[in-house]
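Enquirer: For the protein sequence lines, the chains are X and C, in the order given. Sequential numbering of the first sequence, starting at 0, is according to numbering that gives the first Met the number 0. Sequential numbering of the second sequence, starting at 0, is according to numbering that gives the first Met the number 0.
Simulated from the structure, these hints should not be mistaken for laboratory data. Possibly wrong hints are sitting among the right ones.
Note that the list lumps identical chains together, so a pair holds whenever it fits in one copy or between two copies.
Pairs of lysine-lysine residues, derived as BS3-like cross-links and limited to a Cα-Cα distance of at most 27 Å, are as follows [what the hints assert, rightly or not]: (1) 90 to 166; (2) 137 to 205; (3) 137 to 163; (4) 90 to 163; (5) 137 to 148; (6) 205 to 166; (7) 90 to 137; (8) 148 to 205.
Owing to the predicted nature of the structure, the values given are computational and were not obtained by experimental measurement.
Number of protein chains: 2
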Amino acid sequence: MDGTLMSGTLSSAGMAGQRVVIIGGGFGGIAAARALARAPVQVTLIDRRNFHLFQPLLYQVATAGLSPADIGAPIRSILRDQGNVRVALAKVTGIDTGARLVETEEGPVGYDTLIIATGARHAYFGRDEWEALAPGIKTIDDATRLRAKLLFALERAEIVSDPKRRKALLTFVIVGGGPTGVELAGAVAELARHVADRDFRTITPKDIQVLLVEAGPRLLPQFRESMSAAAARALTRMGVEVRTGTAVTEITPDQVVVGGEVIATNNVIWAAGVRASAAGRWLGAEVDRAGRVLVGNDFSVPHHPGIFVIGDTAAYRQADGTMLPGIAPAAKQAGEFVGALVASRFGGRTPRPFEYRDFGQLATVGRNFAVADFGRIRLTGFPGWLLWSVAHVWFLVGFRSRFSVASQWLWSYLTWERGARLITGAEVAMARPPETNAP
Amino acid sequence: MDGTLMSGTLSSAGMAGQRVVIIGGGFGGIAAARALARAPVQVTLIDRRNFHLFQPLLYQVATAGLSPADIGAPIRSILRDQGNVRVALAKVTGIDTGARLVETEEGPVGYDTLIIATGARHAYFGRDEWEALAPGIKTIDDATRLRAKLLFALERAEIVSDPKRRKALLTFVIVGGGPTGVELAGAVAELARHVADRDFRTITPKDIQVLLVEAGPRLLPQFRESMSAAAARALTRMGVEVRTGTAVTEITPDQVVVGGEVIATNNVIWAAGVRASAAGRWLGAEVDRAGRVLVGNDFSVPHHPGIFVIGDTAAYRQADGTMLPGIAPAAKQAGEFVGALVASRFGGRTPRPFEYRDFGQLATVGRNFAVADFGRIRLTGFPGWLLWSVAHVWFLVGFRSRFSVASQWLWSYLTWERGARLITGAEVAMARPPETNAP
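From just these sequences and the hints, can you work out the full model?
Expert: As structure tokens, then:
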């Protein structure tokens, strides 16, 4: 630690106007930086990763449909042409609101205005010991680890002869019936059934069981009921057992207890809950049950002038009383709004009060079924999948990713090939199912 | 460990003819399996990875030009249509030649004929402590770790202000002037200079120093002298300092001693030597200095009837007295030969004595220079690069990879974009330059 992060560097670059620091290079942080492009401010974007991640497609990496580089783009490249931005790879450890310093492992960074967009991690409702047993996916590393775990289970099942062990290896339980859970269930069912059937000698589709468990009364609670039912029917057609109104009460290395029933499985995947990043703790600010910072109607933090929190880290109550949803378009719009608000202090146009434009909800179930709730339109079948694909590719940041993802999808769709089916990681053993049945 | 690997499974599949076990899914192992396609034998291919790796392009992964999935293909997919092959993901721990058993972490596998094609790792000439300081690239994980290390050095250099630390972060030393070292030096120079120049604010091309160090008198000793000189000139034009006849005598976390000169650097990359896998030890067979098993002119191991060793694990003396080179085409040809030889015992045509067909040597230096030594042809410039690309893509195993690599290369060439520039890995800290200058 030399404590000199940015100080020499940025001051020598000439510090015009205010120092705006953005923490987090997700949808919210990037949008805020872009909205400040013409403002006479010096923006520093800090992230502990060097890339922006298209999180809605993480489940495709976890199920071997896409490679990490397809859904990630270096933050530097995205902001390359914006002269008033510096990008710093650093892990934030705290915020000194008195001295107006963001503390990082590389040294402190001073700010006049601070925009926090640090997202969320999955949460286990107080059962933190489940994290190791039922991984969730929020980062690239989560996704590649889960991919290794799923593929390793198939490899192991191919060569073990004990029917009980084999059954546990070929049973996949996804916990949580929101969009991520639904998408994962569809993709796991496809991966396991179709690919395994082609490449493995001893595993047949009927050997594989995929369960989707949701504690609430229906899947996709954000959608209308008819949409939820359509998604459940589509999953059932794909061979996924959907269990709603059923809670997971216990997870061990080789079984899960679902609504009182014990199910032998080495593959539990968590898609049931998230918890906001540590921003609330850094600020000493008031947070909600999920750790999100309670913000005002301009995303400012009460009693912390000059600090804004956006995206999954913020609890924002809309004018109609409902909470702003924790999805990419909402984070993006909040980033645009806060960026414009800060810019307006330096001569930019004052933005109108924030109002979330709801473009609707989309969730995909396997290769050819998507539920799209645009208020009036519901799309299913290949057209629905195509709309979903186009919408996702459109929002991917870099052209390279758009091109790559589109060609991968087309290839995957036409051939059932899965391109990224590699078990990597220095410790393949990490992905191993536990040896609990060993003598 | 349930000790039942394959036994139940394979016996129930009906064991026609002999049990042939192949260890290793590289160029040699895959070729051997394919050559046995029509033989009435039961082939088991064991690898500790689930994918075949196109090793000649690993340096592209390490320098962020390609993604891991572009140069790897699942072994199961490659051999999907060959009914007499079983693929097992397992780590081999030893061979019991008396009982004719391959011992793995998943249990033993019996064989009648054994083909060992387990490749090589990089070697440090007895200085094993250098491995952590000067990583080499032989596996996907090696390559992604090196990629993270290189990218992290640039990120760190962007934000530190101490000129000495910055210089060490921006100095890259590649040890070893064979094809891998030459290709790495060219790719690192390109990555650091062109991409850094575009995406970083404080790093300019002149800040970056790339050194290629070779202890022998010239680069690419396998090529004719004029080719070696051409490669050295091309590297020099790209800004790489080439030092031949110069040995590395010491490596520490923040410096390297090259021909007596102390060079401050956090980035030493090893491409100087390899050592064969543990096969010699497993067999108790006679090995050469590099650990390669001395084999007869049909790749059989003396005193071990029914056991063959091929590829980088074997020391094979050709009829003209020279050793068979440790490159992909040689491993592939050896695999084809041994597979055919084993098949011939069951009615296949007896192959002619092994004779290596030398298709020449190819090495690329950056984006538009390749040296191709086909005996009479030498290609440089864009045509050389194009031939090199086509040759490599042609030999990539799966169509998906061919398609992906070709489109990536075209894209990269036209735009200077680097598609896979992500720093991943659960512990980014692993990639960090050491903190030796910290107070």
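Enquirer: Pop the pair residue 205 and residue 166 into one bin, within, between, both or neither, using alpha-carbon distances up to 27 Å.
Expert: within (11 Å within a copy, 60 Å between copies)
Enquirer: Could you figure out if residue 90 and residue 163 sit no more than 27 Å apart (CA to CA) within one copy, between two copies, both or neither?
Expert: Close across copies (23 Å), not inside one copy (44 Å); limit 27 Å.
Enquirer: From the Cα coordinates, with 27 Å as the cut-off, is the pair residue 137 and residue 205 best called within, between, both, or neither?
Expert: neither (31 Å within a copy, 39 Å between copies)
Enquirer: When Cα atoms must be at most 27 Å apart, do residue 90 and residue 166 count as within-copy, between-copy, both, or neither?
Expert: Between copies only: 23 Å across chains, 42 Å inside a chain, cut-off 27 Å.
Enquirer: Give the relationship of residue 148 and residue 205 under a CA distance limit of 27 Å: within one copy only, between copies only, both, or neither.
Expert: within (21 Å within a copy, 45 Å between copies)
Enquirer: As a check of your reading, is residue 137 near residue 163 (CA-CA no more than 27 Å) within one copy, between copies, both or neither?
Expert: Cα proximity of residue 137 and residue 163: none, with 32 Å in one copy and 38 Å across.
Enquirer: Go through the copies and call it for residue 137 and residue 148: within, between, both or neither, with a Cα cutoff of 27 Å.
Expert: Classified as both: same-chain Cα gap 16 Å, cross-chain 23 Å, threshold 27 Å.
Enquirer: Please sort residue 90 with residue 137 into within, between, both or neither, judging by C-alpha distance up to 27 Å.
Expert: Within one copy only: 17 Å inside, 30 Å across.
Hints 2, 3 from the earlier list are contradicted by this structure; the remaining hints agree with it.
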